[in-house]
Amino acid sequence: MSEGEMARLMEEVEEKKKLIANIRNKPWRMKRRLEHLKDAQQFVDKFEGALGKGKGRKLYAYKVMMTKKWIKFQRDFENFKTACIPWERKIKEVESHFGSSVASYFIFLRWMYGMNLVLFGLTFGLVVIPELLMGLPYGTIPRKTVPRAEQDTAMDYSVLMDFNGYCKYSVLFYGYYNSQRTIGFLKFRLPLSYLMVGLGTFGYSLMVVIRTMARNADVGGGDGEDGEFTFAWKMFTSWDYLIGNSETADNKYASITTSFKESIVDEQENQKDENIHLRRFLRVLANVMIICSLGGSGYLIYFVVKRSQDFATRDDLSWYEKNEVEIVMSLLGLVCPPLFETIAELEDYHPRIALKWQLGRIFALFLGNLYTFLFALFDEVNAKLEEEDSIKNATIWAMKEYYANFTAYNNDSSATAPPINPADIIRGPCWETTVGIEFVKLTVSDIQVTYLTILIGDFLRAVIVRFLNYCWCWDLEAGFPSYAEFDISGNVLGLVFNQGMIWMGAFYAPGLVGINVLRLLTSMYYQCWAVMSCNVPHERVFKASKSNNFYMGLLLLILFLSLLPVVYTIMSLPPSFDCGPFSGKGKMFDVISETIDLDLPAFMGTLFSYAANPGLIIPAVLLMVLAIYYLNSVSEAYINSNNELKKKMQMQRDEEKNRRNNTNSTNQVMKDLEDLLPNRSLAPKAPAESSADNDQGGKPAKVTGKPGTAATGVNLQKDVSLASPNPRIAVTHPPGPRGPGPLPGAETSRSRGRAQPSRN
Amino acid sequence: MGNKQTIFTDEQLDAYQDCTFFTRKEILRLHGRYHELAPHLVPMDYTNDPDVKVPLALIVNMPELKENPFRNRIVESFSEDGEGNLSFNEFVDMFSVLSETAPRELKAIYAFKIYDFNTDNFICMEDLEKTLNRLTKEELTPEEVKLVCEKSIEEADLDGDSKLSFADFENMISRAPDFLSTFHIRI
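Heads up: the protein sequence lines correspond to chains A and B, in order. Numbering-wise, the first sequence is residues 1 to 760 according to the numbering used here. Numbering-wise, the second sequence is residues 1001 to 1187 according to the numbering used here.
Quick caveat, the hints were computed from the structure, so don't treat them as lab data. A portion of the hints provided could be inaccurate.
[Stated by the list, open to error] Mimicking BS3-like on lysine-lysine, the simulated pairs with C-alpha atoms at most 27 Å apart in a straight line are:
(1) 38(A) <-> 72(A)
(2) 69(A) <-> 1025(B)
(3) 1025(B) <-> 38(A)
(4) 648(A) <-> 1025(B)
(5) 1113(B) <-> 31(A)
(6) 384(A) <-> 585(A)
(7) 92(A) <-> 1137(B)
(8) 16(A) <-> 72(A)
(9) 1025(B) <-> 26(A)
(10) 648(A) <-> 1151(B)
(11) 1130(B) <-> 1163(B)
(12) 646(A) <-> 1107(B)
[Stated by the list, open to error] Under 8 Å between C-beta atoms, here's a sample of chain B residues computed to sit facing chain A:
(13) 1023
(14) 1063
(15) 1178
C-beta atoms are modelled at their ideal positions from N, C-alpha and C, and glycine is treated no differently.
Excised from the complex, chain A in its bound form (with noise of 0.2 Å):
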């Protein structure tokens, strides 16, 4: 075979080969297919053994075995992923009573739980079970042990429910980890492996994330602009093929009616603005109210905080006391949504719009309490910082006192004092202990606000309008309480800010992601049996659409804030020096300096020097601002362009349809294109003026030029015009009156429709 046959043949193996891998996306019956299949194989079986002569053969006749190994392993993969994915049947339940969006919550918590999942993977695996196996035990060095002072109480439930006594001083937290370089015979090392675990989860969250909006805005349909097809959208693609209960099913035929008859009654009516000044008066005092109690809230909680930090010097709290901080916290959050949507009836706004303010407003609402619990808990931080510089001397002097005892009492100076107790070694305030435990005591609390308000919310009502139905005077089911219907918003925020409160504090408690784990996984099963039995359908349906990258963008934006507590901690606030697996360096990052120095190989060490030099740090900052310039007006090039594309498209659409209905031009400029026609009514019939003729018959020339345009309009006397010797001359008197003489588009031809011209 010649060179040339050769390669038409393997083009059209490939042919065939694209063929097989997207038989799939054909419109065709499934017969057809199976045939096309078959075909395309059998051509390929037989032609990849002819094409495997000659040179390279052997190598060829491997990467085809190769390719077809990996294809048949790619598919083995997915149905075993397609296997792995946990609740299907359970959604599908819900899918079909309560609609594709209710459902698209417990997607989402799905989603949640498999990175959940990955991350306490990751923690586990590379942090918790090697100290736990490798590292020294409970009870031999201070770090792990109860001190003297507090062993009586370590076991008391209210001390455990705390996360005090021996939760303190376990695996959980930050606190209990050694700073050994090297721990056991595999030589690994902890204190750059934790490091590493910490910035590496935030930086698979990041990966994630991204990846999960950018396939989302990929499937969003594109831009289409609200309103424009809006009859035809409500008629195609309002019924939810996914509902398969009856009831469901009417209210849903009830629905779609009412947004009918309100796109009619739009349609037929331009509403009027009663009053528009009150309007914008209502709307300012709504936004002023909310602005306020934002505010409030943020206060309260700064103050509820200063106040624990003056608990903690006292012994005899209450259980109230002791955990004031989460308990208001989470009221706040329970009180204020329900509070913002009752101001926000003052603002009148349709629902859509209204829904959209009313998801900022408590985005805002949590922002701010988060934060301003972390500038409290800073506060706390600084305290016990100055704290430990006194207990350093402190023990440092202890120890120097208990051996110049010793000996004092023993006159024999060869033998060694015993070590101390670990238990009695006076310990250091060890602020990321408490800043974890922080953390844990409000994703606890927030968990069980969460399931009692689910519980009482939901249950209870709907227990109350079942039963006390029958002897309440008026019907409790379609009246005021009813049943509630399924907050999606509420309960996605919900989830968004609590994953924002693991990020934030799974560096100082490791402990903290195994928790999420068992709350989502929990939260699934407790949740859907929660909507099946207390729920009803939404009645209104106006989805936001696109909200899907809504509730990814929040994610991503409180991925990037609980970040910066975090880093701005590792970076300048300096580790205990007698607590956690960073304990006695200066900076945390030291670690990783210490590493290169030590565990790398020389030349490592002066290629990190170099990278991080700032002559060389600051260009490449600089490369990338200009990067992000010039992406930015590409992309905004494409814009412009797609949107004249598009107004074109619409001109030509327009004049089609007029052309059909022999109507006139409803186009304005083409309106105004004629318009600025000369009007023939008014030329001089003299030959004399035929120099003023000539600079007027040169425009209807042109004019009649355009495409599409039947010139059958066209006049001799422009011929005679244009061929007329001298057309330079100046004109020296002012055109007269003309005749009525044929004008070009006159009441002869009627190409286009074209306007009348004047007549005089």
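Given the coordinates of chain A, work out where chain B should sit on it, guided by the hints.
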């Protein structure tokens, strides 16, 4: 678990996997559902490709389709004889197109076929009126129905022939944000 199933040969399962958006396990499950619809009609052994069709009335009673106002049209669009009698190939094809991973273009083609009640490859006024009446269970007055159908054609019709060709329909539905999430059946 294990691979010892005798319903299909391995080549058949691989071919189905290439031609649809389903995995092996899902195809076997689909066969189970198909068999349930008419246990006396549908054989358990498909290795020699039997020519068996399940009638429309049985398919339309599946829980996934029971409440759908367009269930008859859906099944008819995927059947070769246009009457709604589906062979197993067509059954799998139907659920594959309506699955989550099918692309937008493919779904648009079949959506067009479903809403085209008189199968003349155009969605005309009568088709739209029938669609609307099914969607609202005839709760709208005839004037309202007429208004909505006229507005829909006005919005989507590009070539001005007062009915929607496939190009018009596709242009309109490709921008719809909810199309992919609503035109989806999970099985």
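Evaluated hints:
1. Our distance criterion of 27 Å between C-alpha atoms is met by residue 38(A) and residue 72(A), whose separation comes to about 17 Å.
2. The hinted pair formed by residue 69(A) and residue 1025(B) meets the criterion: a straight-line CA distance of about 20 Å does not exceed 27 Å.
3. A threshold of 27 Å between alpha carbons decides the hint, and for residue 1025(B) with residue 38(A) the separation of about 22 Å falls inside it, so the pair holds.
4. The hinted pair formed by residue 648(A) and residue 1025(B) fails the criterion: a straight-line CA distance of about 50 Å is larger than 27 Å.
5. For the hint linking residue 1113(B) to residue 31(A), the alpha-carbon distance of about 19 Å falls within 27 Å, and the restraint holds.
6. Taken as a hint, the residue 384(A) and residue 585(A) pair is honoured in the structure, with Cα atoms around 17 Å apart against an allowance of 27 Å.
7. With a CA separation close to 26 Å, the supplied pair residue 92(A) and residue 1137(B) stays within the 27 Å bound.
8. Simply put, residue 16(A) and residue 72(A) have alpha-carbon atoms about 18 Å apart, close enough for the 27 Å limit, and the pair holds.
9. Taken as a hint, the residue 1025(B) and residue 26(A) pair is honoured in the structure, with Cα atoms around 23 Å apart against an allowance of 27 Å.
10. Annotation: proposed proximity of residue 648(A) to residue 1151(B) holds, straight-line Cα distance about 23 Å (limit 27 Å).
11. Under the criterion of a C-alpha separation no larger than 27 Å, the hint pairing residue 1130(B) with residue 1163(B) is consistent with the structure, at around 14 Å.
12. Only pairs whose Cα atoms come within 27 Å are accepted, and residue 646(A) paired with residue 1107(B) is accepted, the gap being roughly 25 Å.
13. For residue 1023(B), the interface hint holds, the least distance from its beta-carbon to any beta-carbon of chain A being 5 Å, beneath 8 Å.
14. Among the interface hints, the one on residue 1063(B) holds; its C-beta lies about 5 Å from the nearest C-beta in chain A, closer than the 8 Å criterion.
15. At about 5 Å, the closest approach between the beta carbon of residue 1178(B) and any beta carbon in chain A falls short of 8 Å, and the interface hint on this residue holds.
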